[in-house]
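Participant: Each chain, letter by letter, is given below.
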Amino acid sequence: DAGVIQSPRHEVTEMGQEVTLRCKPISGHDYLFWYRQTMMRGLELLIYFNNNVPIDDSGMPEDRFSAKMPNASFSTLKIQPSEPRDSAVYFCASSSGGQETQYFGPGTRLLVL
Amino acid sequence: QKEVEQDPGPLSVPEGAIVSLNCTYSNSAFQYFMWYRQYSRKGPELLMYTYSSGNKEDGRFTAQVDKSSKYISLFIRDSQPSDSATYLCAISRSNDYKLSFGAGTTVTVRA
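Protein chains in written order, with the numbering used here: chain A, 6 to 118; chain B, 911 to 1021.
The hints are all genuine.
Going by beta-carbon spacing under 7 Å, a handful of chain A positions derived as facing chain B:
#: 1; residue: G47
#: 2; residue: L50
#: 3; residue: F96
#: 4; residue: E105
#: 5; residue: T106
#: 6; residue: G112
These are calculated hints, taken from the structure and not from any lab test.
Glycine is no exception: its CB is placed at the ideal position from the N, C-alpha and C atoms.
If we strip away everything but chain B, and leave its shape as in the complex, we get (with noise of 0.2 Å):
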């Protein structure tokens, strides 16, 4: 078992649509969370990170963390096609610098 799923997609939405995003983990040790977003070739670049359960927004971007369901979201509002992209959610452990990334999203706006 993969230590975190996710939905490949690819999942397309209108312009102006909340995006909804969705990863599930399977340890409760792991205590960071990231969201990356990786437009076509070229390299991940970090969006947004918690360490915590609850939400924390940035602009249009809204992470969101439920530990007692091993679950993680990543919501955008007011979606632009600039916002096609493929996003990767990522976990690690406290003091671990090694990442575990979800398999991706990939996610078009339509104009």
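With the rest of the complex left out, here is chain A (with noise of 0.2 Å):
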């Protein structure tokens, strides 16, 4: 298996502009997770996913911020406008149940101008 995509892998954009982070997780696996990493918040939960709906949004820190799954295989996580504090490393994770094996992706580095 190829593991957990997610692409781009690296974003720089200026401030205001819309950003749309995606992710494909593990075939067969019932559960994705979107993560944030920096270096003063450390790695936090935003919004995890079950077959394909939304079970828990509160770590998405503000509307800008949205996360959809249209089916089992894909998932975005969109940010509009975009802010220079967004700059961080999203990753995607994907699990098939069990809540203690997450797999995750490469990340996404995005770099808010």
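Take the two lone chains and join them into the complex the hints point to.
Facilitator: See the structure below:
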């Protein structure tokens, strides 16, 4: 299996622009997680889905952030409008049902200027 | 107060030494304990997980949980330069897929 796939791997954008991050989970996994990692705050869960349905979005920082999972093999995290403080590494992870066994993707490094 | 506290280090040890990493947590409701390893510019990868107090071994790695003290540890025996990475502890409640991560401890094993 190819593992969790994320795109783009790097994104540089200007403040106010819309940013869309993409994730393809491991085939057969029914849980999908979006995390953000910064030096200041560490690794934080933003939102997670089960069978394409958002279960907990309490970690989403603001209304500027939104996430969707239109099908079992694709999810997006959108930031509109982006701000410099959104600069971070965003990880997607998936799981087949064991809460302890989440498999992480390589991450998207976002820099908002 | 953060749900889980972890000393960020950094920690530098010579090859062959035992590496000892620790985390403390604040709520006894946490029942699942995990250690992830993260190499530079990569995603975290699961090393070990456990549900109960006591020790769990996997090769050179031992995870230890003391629920009474709310204290978890990871020991790496015979450390190798390839063990150089950031190690993150993570905890979760039973039937809750939300993981709370420690800050991560950066370890360097010197050849």
